[in-house]
Amino acid sequence: AQSVTQPDIHITVSEGASLELRCNYSYGATPYLFWYVQSPGQGLQLLLKYFSGDTLVQGIKGFEAEFKRSQSSFNLRKPSVHWSDAAEYFCAVEERGSTLGRLYFGRGTQLTVWP
Amino acid sequence: EAGVAQSPRYKIIEKRQSVAFWCNPISGHATLYWYQQILGQGPKLLIQFQNNGVVDDSQLPKDRFSAERLKGVDSTLKIQPAKLEDSAVYLCASSLLAGDQYFGPGTRLTVL
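In the order they appear, the protein sequences are chains P and G. One point on numbering: in my numbering, the residue at position 81 of the first sequence is 81, and numbering is uninterrupted. One point on numbering: in my numbering, the residue at position 100 of the second sequence is 100, and numbering is uninterrupted.
Watch out, some of these pointers could steer you wrong.
Simulated pairs of lysine-lysine, DSBU-like, Cα-Cα distance not exceeding 35 Å [to be verified]: (1) P:K49 with G:K11; (2) P:K68 with G:K62; (3) G:K62 with G:K11; (4) P:K49 with G:K15; (5) G:K44 with G:K11; (6) P:K49 with G:K78; (7) P:K49 with P:K68; (8) P:K61 with G:K44; (9) P:K49 with G:K71; (10) G:K11 with P:K61.
Counterexamples of contact, computed for chain G against chain P with all Cβ distances above 12 Å [claimed, not checked]: (11) V19; (12) W22; (13) G28; (14) L45; (15) S58; (16) K71; (17) V73; (18) K78; (19) Q80; (20) V111.
Simulated from the structure, these hints should not be mistaken for lab results. Just so it is clear, CB atoms sit at the ideal spot from N, CA and C, and this is done for glycine as well.
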């Protein structure tokens, strides 16, 4: 069965510091990979996605993520965090070739940003 | 472009009562999803519609949950009767067939 692991439940960083959120997946074949952000009281917003090609993908709000097949990982990064980045971040996978578009989510990582 | 609309935003009920949630997807989106997000967990798909047909309801507790999508547009998710463990945020999302999913703000349900 597909599984998505986000090992860090809560991360705290200072504003201006760099950020890396970890995501590992367990799946038979490389799935499609996504990162979503959820601010309090809001729905999920897509930050970026990886389907194929360049393993370093750029997203919105200055985020990027790198796919590493050998580590089954898709870590999210940002070089300099802003206070407005405080939110919950979810990694998700979709079965490659599926016509259903069903997403499997990790449990999320809560990001706190200190001023 | 208007986003996915959901109502109500908050609902508090007692166990064994019934509750219904409404979702209006983005215009033209053929696929509609309902997710359940329990506190401390990621969203879990309950049911997926393509137009007005169900394509995946394998995770829907059918003894108490039901959903419909009238005319392939709006959708309603119902719980009857509710249990304490149904306390969660219920998210609706829509997409163009199997494209990027756009999420609504969710309905936070508290069952007392």
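Status of each hint after checking the structure:
1. P:K49 with G:K11: holds (33 Å)
2. P:K68 with G:K62: violated (39 Å)
3. G:K62 with G:K11: holds (21 Å)
4. P:K49 with G:K15: violated (39 Å)
5. G:K44 with G:K11: holds (20 Å)
6. P:K49 with G:K78: Distance of about 32 Å is within 35 Å: holds.
7. P:K49 with P:K68: Cα-Cα ~14 Å, so holds.
8. P:K61 with G:K44: holds (26 Å)
9. P:K49 with G:K71: holds (31 Å)
10. G:K11 with P:K61: holds (32 Å)
11. V19: holds (19 Å)
12. W22: holds (15 Å)
13. G28: holds (16 Å)
14. L45: The claim breaks: G:L45 does not keep its Cβ more than 12 Å from every Cβ of chain P (closest is about 6 Å).
15. S58: At about 9 Å from chain P, G:S58 fails to clear the 12 Å cut-off, so the statement is violated.
16. K71: holds (21 Å)
17. V73: The assertion about G:V73 holds, with a minimum of 18 Å to chain P.
18. K78: Fine: 21 Å to the nearest Cβ keeps G:K78 off the interface.
19. Q80: It holds; G:Q80 is separated from chain P by about 25 Å at its closest Cβ, greater than 12 Å.
20. V111: Non-interface label stands for G:V111: nearest chain P Cβ at 20 Å, farther than 12 Å.
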